[in-house]
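Chemist: Below are the chains, spelled out letter by letter.
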Amino acid sequence: EAGVAQSPRYKIIEKRQSVAFWCNPISGHATLYWYQQILGQGPKLLIQFQNNGVVDDSQLPKDRFSAERLKGVDSTLKIQPAKLEDSAVYLCASSLTSGRGETQYFGPGTRLLVL
Amino acid sequence: SQKIEQNSEALNIQEGKTATLTCNYTNYSPAYLQWYRQDPGRGPVFLLLIRENEKEKRKERLKVTFDTTLKQSLFHITASQPADSATYLCALPPSGSARQLTFGSGTQLTVLP
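Going line by line, the protein sequences match chains R and A.
Under our numbering, the first residue of the first sequence carries the number 1101, and numbering increases by one thereafter.
Under our numbering, the first residue of the second sequence carries the number 2, and numbering increases by one thereafter.
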């Protein structure tokens, strides 16, 4: 089966610019996650969707970050305006359900550098 | 607040030896714990899940232990190979105060030929 797809793989922007990332989860997976992984740290959840509804966005900096999953399949994460500290890898993951212990399948990530 | 600690130093071992990685947690009583592998430039890949009522779990050359008294999980790779070189992350599930899966910072393992 095809894995989680993300694009672009790399992005370099200047601070105060905007950027968008796209994710296509594994077919049939109802739950989609966006994580931020700063160099040397583990992934930190930004937002979790169940179908097209938000389950948890408590750690999403809502003044600059937004995400949507309009049709319950693919998703976009946007940063506007970007700050230097947003430089990180943005990982998308999906799981069949949001049940306890459910395995999450990660995409390759988008590496963002903000100059 | 909840905290997860993994070996802060990178771990280098000789091929054929057993690698042991540590995951310690505080202020938490997880129902299970997960281990992931992450290669450079790639997303984490799920390896194993161990539940609180399981002391040990094995999968091929991998073995995970879970000591809820010590609040510690150990991850062992026996007969290690250079292909096992990667960063290994432990992750704990949501609890009362943590609403999402929380990852440790990972331990970078290098298996030397």
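Just so you know, the hints here were simulated from the structure itself, not pulled from any lab data.
Hints may contain errors.
[Stated by the list, open to error] Only part of the chain R face toward chain A is listed, based on derived beta-carbon distances under 7 Å:
1) Leu-1145
2) Ser-1187
3) Leu-1191
4) Gly-1207
[Unchecked claim] Listed next, the stretches of chain R that the computed footprint assigns to chain A, with coverage defined by at least 3 CB atoms under 8 Å from CB atoms of chain A:
5) 1112-1126
6) 1196-1205
The beta carbon of each residue, even a glycine, is placed where N, CA and C say it ideally should be.
Chemist: Against each hint, give a clear statement of whether it holds in the structure.
Modeler: Status of each hint after checking the structure:
Hint status for Leu-1145(R) relative to chain A: holds, with the closest Cβ pair at about 4 Å, below 7 Å. Restraint check, Ser-1187(R) versus chain A: the minimum CB separation of about 16 Å is more than 7 Å; hint violated. For the restraint placing Leu-1191(R) at the interface with chain A, the shortest Cβ-Cβ distance is roughly 5 Å, inside the 7 Å limit, so the hint holds. Hint status for Gly-1207(R): holds, given a least beta-carbon distance of 5 Å to chain A, under 7 Å.
Restraint check on the stretch 1112-1126 of chain R versus chain A: 0 residues with Cβ-Cβ distances below 8 Å, three needed, restraint violated. Look at the stretch 1196-1205 of chain R against chain A: 5 of its residues bring a Cβ nearer than 8 Å to a Cβ of that chain, three or more, so the hint holds.
In this structure, the earlier hints numbered 2 and 5 are contradicted, and the remaining ones agree with it.
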